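Full structure from sequences and hints, please.
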Amino acid sequence: MPYKVDPKTGYIDYDQLENTALLFRPGISCYSRLLDYSRFREIADKCGAYLLADMAHISGLVAANIIPSPFEYADVVTTTTHKSLRGPRLKKITPKGEKVMYDLERKIDSAVFPGLQGGPHNHTIAVSVEAIVETILCYPLLFVLGIAVALQQCLTEDFVKYSEQVLINSQALANRLMELGYTLVTGDQSALRPSGIRLGTPALTTRGMKENDFVRVADFIHEGVEILMKYQSQAGKTMKDFIAFTSSNAQFMADIDKLGEKVEQFTSQFDMPGNDDI
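Take 1 as the starting number for the sequence shown in full-length UniProt numbering and just add one per residue.
Since the hints were made in silico from the structure, they are not lab data.
Since the structure is predicted, the reported quantities are computational estimates derived from the model, not experimental observations.
Accuracy of the hints is not assured; some may be wrong.
Stated by the list, open to error - In silico DSS-like cross-links for lysine-lysine, where the CA-CA straight-line distance does not exceed 25 Å:
# : residue 1 : residue 2
1 : K83       : K161
2 : K210      : K83
3 : K96       : K46
4 : K210      : K262
5 : K230      : K262
6 : K83       : K96
7 : K230      : K258
To be verified - Label pairs and their calculated CB-CB ranges:
#  : residue 1 : residue 2 : range
8  : G196      : E264      : 23 to 31 Å
9  : G236      : Q152      : 44 to 52 Å
10 : M178      : Q251      : 29 to 37 Å
11 : L145      : I227      : 38 to 46 Å
12 : Q234      : G181      : 17 to 25 Å
13 : L151      : S233      : 49 to 57 Å
14 : G196      : G236      : 19 to 27 Å
15 : Q251      : G181      : 19 to 27 Å
16 : I227      : N19       : 39 to 47 Å
17 : G200      : L151      : 19 to 27 Å
18 : K240      : Q153      : 38 to 46 Å
19 : F220      : I168      : 16 to 24 Å
20 : D15       : K161      : 35 to 43 Å
Beta carbons are placed, not taken as given, at the ideal position from N, Cα and C, and that holds for glycine.
Below, the structure written as structure tokens:
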């Protein structure tokens, strides 16, 4: 059972969240505003729950002290290193380390391996300092160096400037999308018929894009949506019908190709770090 947002403001209704938490275990997925970790802590304490914060998408902003950190309030914090931290793909689960009724660190270690570890990136999962040391000893040096470089970069002024630009670019993208009539927090009632897309700015910021460039990015997104809306009535209601239509309708493909050419022309002016030949 997820949290709910106020349909008028788009902000989390924390009072309703508290009532829900007393009945069930709510969770969040995509929320484009700052989270009130202190309020979450109060609610968790009131209903006797652990508080887990997944900061995978925002860990770079947390590392750069651009936005509040969940570590002070959460019992467990999870993250990855390949999103806003810009490193190789690795997962990190960090218990708070305080003495509680249950040994969270040992239980998490056991749950990950041998309990749940079995995904497509088994070799990159690390839990606690001991597991990270084991990873360093057991797996390729280049991968480990990549993680080390990514984490070391978090301590530099350049990374702080990059993170600040990520936030500025996000705001520029959001403002332009709102100007075009889009709503940032949907509050959709059904996940079976999604009507939104999730966007992020770290990768394009790494390529050197600034806020004015993200206005163009928003315009490209809008143009793509407009093309799809133009053909929606012809494409059918099912994914199967949609795929068949988009792969066979000549006019649709021509419109998409034209948009693709404009996107390629625009992005070609920005370097691809680490890939000078692209």
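Those earlier numbered hints the structure runs against, lowest number first: Failing hints: none at all.
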